[in-house]
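Chains as they are written, first to last, in the working numbering: chain A, 232 to 462; chain B, 232 to 462.
Because the hints were derived from the structure by calculation, they are not lab data.
Careful, some of the hints might be misleading.
The list makes no distinction among identical chains, and a pair is therefore deemed to hold if it is satisfied within one copy or across any two copies.
To be verified - With a straight-line Cα cutoff of 20 Å, these simulated SDA-like cross-link-like pairs (lysine to any residue) come out:
1. Lys258 x Glu322
2. Lys440 x Thr238
3. Lys340 x Asp394
4. Lys440 x Glu400
5. Lys258 x His376
6. Lys440 x Glu453
7. Lys440 x Gly361
Number of protein chains: 2
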Amino acid sequence: MTSRPLTIAILGGTGQEGSGLALRLGKAGHRVVLGSRDAARAAAAAGEMNGALGRDAVSGATNMAAAGAADIVMLTVPYAAQHATVEEVREALRGKILIDTTVPLVPPKVARVQLPPEGSAVAVIQALLGAEVRVVSAFQNVSAHRLRDLEQEVDCDVLVCGDDAAAREIVIGLAADIGLSAYHAGPICNSAAAEALTSVLIAINMRYKSPGAGIRITGVPEREGKPEPGA
Amino acid sequence: MTSRPLTIAILGGTGQEGSGLALRLGKAGHRVVLGSRDAARAAAAAGEMNGALGRDAVSGATNMAAAGAADIVMLTVPYAAQHATVEEVREALRGKILIDTTVPLVPPKVARVQLPPEGSAVAVIQALLGAEVRVVSAFQNVSAHRLRDLEQEVDCDVLVCGDDAAAREIVIGLAADIGLSAYHAGPICNSAAAEALTSVLIAINMRYKSPGAGIRITGVPEREGKPEPGA
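Let the sequences and hints guide you as you build the complete structure.
This is how it looks when you write it as structure tokens:
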């Protein structure tokens with residue numbers, strides 16, 4: 232793995248996206264604490280994941296206890312619960328990296344881009360938390376369906392946005408641990424691109440009957456491991 | 232080619248993106264009329280393109296004359312000129328498809344997503360023009376640098392947004408004519424995703440020293456020509 236084993240809290244870790252990320256991070260050797268409003272539900276989900284993984288990598292707790300125990304906190308709750316969950320665990324976030332995967336989907340029209348007036352759901356959280364928490368936006372475009380199928384590689388790159396380059400680099404390392412190529416994609420406001428893109432991918436899934444469209448970044452010679460034509 | 236030869240006006244066709252698209256569309260067999268504020272400049276640019284193409288596929292005119300002569304109008308002017316150019320040619324657009332490639336870049340921070348308060352620069356134009364013009368958003372993520380190099384294929388997919396599915400389908404056909412895979416990406420408001428993504432690609436170009444990063448859509452079995460695993 233590209234980073235030392237970390238303890239990673241996944242708030243909303245019993246949901247589709249959260250459990251997919253938990254499985255992959257557990258498989259990669261990290262310790263995962265699923266956070267939920269319901270600690271018993273989180274513990275039950277963790278037990279199932281450990282069964283699938285064949286070892287005890289995942290545990291369950293309340294969101295607050297999970298955030299308190301973790302080196303890095305990941306937020307995977309629905310948009311409607313994003314703000315309240317962050318407020319709930321705020322004290323436990325101080326000095327940590329918060330990886331926010333939130334997509335501002337507004338049901339029922341989830342295939343329609345509906346970014347908040349502030350421009351980005353994740354940028355709003357960085358503004359709320361201030362400089363004592365380094366918020367990094369990532370994993371919005373990675374299909375939960377694909378993440379949960381451990382037999383298959385996930386054919387999707389990750390756009391990593393945040394105002395702190397060192398924090399972005401750590402998240403890029405975590406993505407690499409679970410087999411995903413991730414890119415420095417600019418400051419936290421650039422999260423708008425990844426958030427909006429998720430509704431586009433949902434629209435593509437509906438139109439083309441795909442269970443989980445994704446994106447690849449092309450044309451970056453360093454990542455593609457080949458010299459630029461004519462360079 | 233996937234569509235009959237059309238006459239396509241490219242407003243701002245002497246610029247980087249516009250001239251790249253003009254060259255590719257001319258090469259594909261379409262008739263291209265470059266539009267410019269300066270008809271003589273457009274004619275000179277058209278002459279150079281015909282030299283490169285080895286045949287007379289491209290002509291030059293004022294923006295208004297170009298739009299009037301065309302079956303389909305494409306807008307490739309800088310963001311600051313988008314609104315005024317549309318107002319200028321408005322009468323000539325009636326009943327036509329307007330392909331708007333505009334990205335709301337706000338210099339000097341062009342690697343920073345700065346979508347307009349209305350959410351999308353292209354959606355604003357659809358609202359302005361009303362139902363008599365079918366506005367389609369496309370080509371925002373395709374590098375001008377890559378388009379202009381006719382020796383190379385362009386490794387980038389195209390997100391096509393618009394409120395009229397038949398108009399989107401025509402634009403997808405034009406993209407195919409120049410070798411690009413294009414996708415129905417939802418209603419015109421979804422253009423926000425493609426517009427925001429361009430600033431992310433600029434950020435990636437700067438960070439990774441790429442001359443023209445792009446995107447590919449993954450996980451769509453129909454387009455990848457292979458059955459879905461387990462399907």
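Okay, the hints, checked on the actual structure:
Taking the shortest Cα distances, Lys258 and Glu322 never come within 20 Å of each other, neither inside one copy (29 Å) nor across copies (61 Å). Neither within a single protomer nor between protomers do Lys440 and Thr238 lie at most 20 Å apart by alpha-carbon distance, with minima of 37 Å and 34 Å respectively. Taking the closest pair of Cα atoms, Lys340 and Asp394 come within 20 Å of each other only across two copies (14 Å); inside a single copy the shortest separation is 30 Å, beyond that limit. In this assembly of identical chains, Lys440 and Glu400 lie within 20 Å of each other by CA distance solely across copies; the values are 17 Å between and 34 Å within a copy.
Within a single copy, Lys258 and His376 get their C-alpha atoms as close as 17 Å, which meets the 20 Å cut-off; across copies the closest is 41 Å, which misses it. In the homo-oligomer, the alpha carbons of Lys440 and Glu453 lie at most 20 Å apart only across protomers (8 Å), although the nearest pairing inside one protomer, at 33 Å, exceeds that limit. Taking the shortest Cα distances, Lys440 and Gly361 never come within 20 Å of each other, neither inside one copy (41 Å) nor across copies (31 Å).
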